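A.B. asks: From first to last, the protein sequence lines are chains A and B. Okay, so the first sequence: first residue is 1 according to this note's numbering, each after it adds one. Okay, so the second sequence: first residue is 1001 according to this note's numbering, each after it adds one.
These aren't lab readings, by the way, just hints derived from the structure by calculation. Since the structure is predicted, the reported quantities are computational estimates derived from the model, not experimental observations. Note that CB positions come from ideal geometry on N, CA and C, so glycine has one too. Heads up, some of the hints might be wrong.
[To be verified] Per label pair, the in silico range of CB-to-CB distance:
#1 A/50 x B/1012: 38 to 44 Å
#2 A/226 x B/1269: 30 to 36 Å
#3 B/1197 x A/111: 42 to 48 Å
#4 A/226 x B/1265: 43 to 49 Å
#5 A/50 x B/1167: 52 to 58 Å
[To be verified] Every beta carbon over 12 Å from chain A, so not counted as near; a handful from chain B, in silico:
#6 1007
#7 1073
#8 1153
#9 1155
#10 1156
#11 1165
#12 1263
[To be verified] Examples of chain A residues lying across from chain B (beta carbon under 10 Å, computed):
#13 96
#14 98
#15 110
#16 121
#17 145
#18 148
#19 247
#20 251
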Amino acid sequence: MLDGWRASVALSTLTANAGYGPAALRVYQEPQVPGLSKGNIARFENVGLRYGLGPEVLRDVTFSLDSGSFHFLVGESGAGKSSLLKLMYLALKPSRGLISLFGSDIATTPRVQLPALRRQIGVVFQEFRLLEHLSAFDNVALPLRVAGVKEQDVNRHVTELLEWVGLKDHMKSRPPTLSGGQQQRVSIARAVIARPKLLLADEPTGNVDDRMALRLMHLFEELNRLGTTIVVATHNMALVDGLGYPILRLDDGTLGVVAGSGNKSAAREWRESRESAEQQARAQARARRDRIRDESEDQDADPPGIENFL
Amino acid sequence: MLGVKRSDLPLDKDAHSRFLPWLIAFMVFLAVLAIGGILVLNATASRWDQGIGGTLTVQVAATEDPAKDQNNLQEVLNVIAATSGIERYLVIEEDRMLSLLEPWLGPDAKADDLPLPKLIDVGLADEATFDLKAFTRQLQLRVPEATVDDHRIWLQRLVNLIRTVELIAISILVFIALATMGTVIFTTRTGLAVHREAIEVLHLIGAQDSYIAGQFAGRAMMLGLKGGIIGLVLGIPALLAVGYLAKSLEDAALPELTFGPVEWAIFAAIPIGVAFLAMTTARSTVLRSLARML
């Protein structure tokens, strides 16, 4: 029986031993912005967004993310979740309002300094956006390479991380030859390889089963425990309810914050209820397996790496 | 740019860039011919400039009286000797005159039968200190039969003509360079469009514009170098063939097509120059395009 605690312990042990811990990564981590350790990672004030001359898809969005927080971003399809994330990962400029990331007002930050901000943000894109001509290894290596990390270090870290997400045997495979779940893990590995301060995930559990979804969430929690601020946009309300982190709810372009900010108590609550949530997910998976017994339900077999940690 | 050993964009598989080396090769081929022409014309012009530029000829027309002719010659030589800026002078002997005239008059022509003028070849020490007008005036005053042939006047016209042709060749070269740049810009833009998705991903994970531009620039440089070498390999034999044909005409007026080490170095630099041009063009195209992204 692999429970969540063992996962966390195993993961921490591994990261500490294998050098994929904060100490090993300090070599190429961006210098800490003074006074930001406990402050805001992201701050939105009265942000509005419209595409061209169309209606505003986001209106008066105001919120802030504390360093080390974990939020779910929920809302109906078309409510503006992806647009909000795009604003956060600097793919779009707001039509109005103020966005500040890591203490920099992005409206006044010179364009040449934006890449340095982007490197502190890891993004798991909804449709993965892996570069199809590159191997899984090279895809995961990209953030390190654009940051100018030495190839020797790139090799070490990427190999470790891919082993860690259970893709050791697929390092040279190109994304089109990987299953959806494997691609997802590559995409997550790419998002976290450079130890971002902020991790944004757009529907990261969109095309995996509940059990895998929960495992990915555990992975995010582990990163969160190591200090990364996390925002996960999802439709999966069972997951949101199960984990109990504060919720950013988008409703027709306006944002409401549910369950307050700061995840400490919620996390504790969740830890208490995690066992049952996991059991529930397993029970669902079992039930499904029973229903379609003759089909190989678990085609995307659990990779050994993940199996060990989660 | 050379530092990018590994490319994150599959530029080497782009079908649209495969024609680029051949287009560049064609441009370089034309450039080799143009540069060959420029070098030859330039060498010819300066050879003429130096060869006859520092000389002039004084001609003393023959009169009925040989004694007066002799006097006139002596007088002219006196004037020449008294003029500053003249390095040397030489009276052309009659035998030499006759041999010069042989093609027109035949081998039997005799000096006594013809009123041959006396010719004095004058070498100038320094054209700046030599005052042609004063010298001519003085000469006319003392010996009315004497005239001065300044080669510089007609030579200047010839040199001007050569310089004009040279200028045309240079403008052709400029057009070739512009066409090459246009081709590289077009190819790069197509590449940007084809790889838009990958470029956006690189951009979003924090790649500097120069990182992305460097990949295009490195690729363009390799294609430019390849095209440049092909063009050079085809262009040099073509140029030498033209030279060989010109030589077979046996016309001394045609400039000779021989190149020294400097000229060969210029030719060898063409592919490098084209590669550099392609690289910088691709780089600036990508940078301009990326500047439109947030």
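A.B. asks: Decide, hint by hint, whether the structure agrees.
C.D. replies: Tested hints:
1. The hint said 38 to 44 Å for the Cβ distance between residue 50 of chain A and residue 1012 of chain B, and at roughly 40 Å that hint holds.
2. The beta-carbon spacing between residue 226 of chain A and residue 1269 of chain B, approximately 55 Å, falls outside the hinted interval of 30 to 36 Å.
3. The supplied range of 42 to 48 Å is broken by residue 1197 of chain B and residue 111 of chain A, whose beta-carbon atoms lie about 21 Å from each other.
4. Restraint check, residue 226 of chain A to residue 1265 of chain B: a C-beta distance of roughly 60 Å breaks the suggested window 43 to 49 Å.
5. One distance hint, 52 to 58 Å for the beta-carbon pair residue 50 of chain A and residue 1167 of chain B, holds here, with the actual separation near 56 Å.
6. With a minimum CB-CB distance of about 9 Å to chain A, residue 1007 of chain B fails to clear the 12 Å threshold, and the non-interface call is violated.
7. Even its closest Cβ contact with chain A, about 82 Å, leaves residue 1073 of chain B beyond 12 Å, as expected for a residue assigned away from the interface.
8. Under the 12 Å C-beta cut-off, the non-interface status given to residue 1153 of chain B relative to chain A holds; the minimum distance is some 61 Å.
9. For residue 1155 of chain B, the condition that its CB be more than 12 Å from all CB atoms of chain A holds, with the nearest at approximately 58 Å.
10. At roughly 56 Å, the least C-beta separation between residue 1156 of chain B and chain A is larger than 12 Å, which holds for a residue marked as non-interface.
11. No Cβ of chain A comes within 12 Å of the Cβ of residue 1165 of chain B; the nearest lies about 48 Å off, and the non-interface call holds.
12. Under the 12 Å C-beta cut-off, the non-interface status given to residue 1263 of chain B relative to chain A holds; the minimum distance is some 43 Å.
13. The beta carbon of residue 96 of chain A comes no nearer than 15 Å to any beta carbon in chain B, farther than 10 Å, and the hint placing it at the interface is violated.
14. Below 10 Å, beta-carbon pairs count as interface contacts, and residue 98 of chain A has none with chain B, the closest being about 16 Å; its hint is therefore violated.
15. The interface hint given for residue 110 of chain A is broken, as the beta carbon of that residue sits about 12 Å from the closest beta carbon of chain B, more than 10 Å.
16. The interface hint given for residue 121 of chain A is met, as the beta carbon of that residue sits about 8 Å from the closest beta carbon of chain B, less than 10 Å.
17. Of the supplied interface hints, the one on residue 145 of chain A holds, with its beta-carbon coming within about 7 Å of a beta-carbon of chain B, less than 10 Å.
18. With its C-beta approaching chain B no nearer than about 9 Å, residue 148 of chain A sits inside the 10 Å limit, and its interface hint holds.
19. Because the smallest distance between the Cβ of residue 247 of chain A and any Cβ of chain B comes to about 25 Å, over 10 Å, the interface hint for this residue is violated.
20. Hint status for residue 251 of chain A: violated, given a least beta-carbon distance of 26 Å to chain B, over 10 Å.
Comparing the model with each numbered hint stated earlier shows that hints 2, 3, 4, 6, 13, 14, 15, 19, 20 do not hold.
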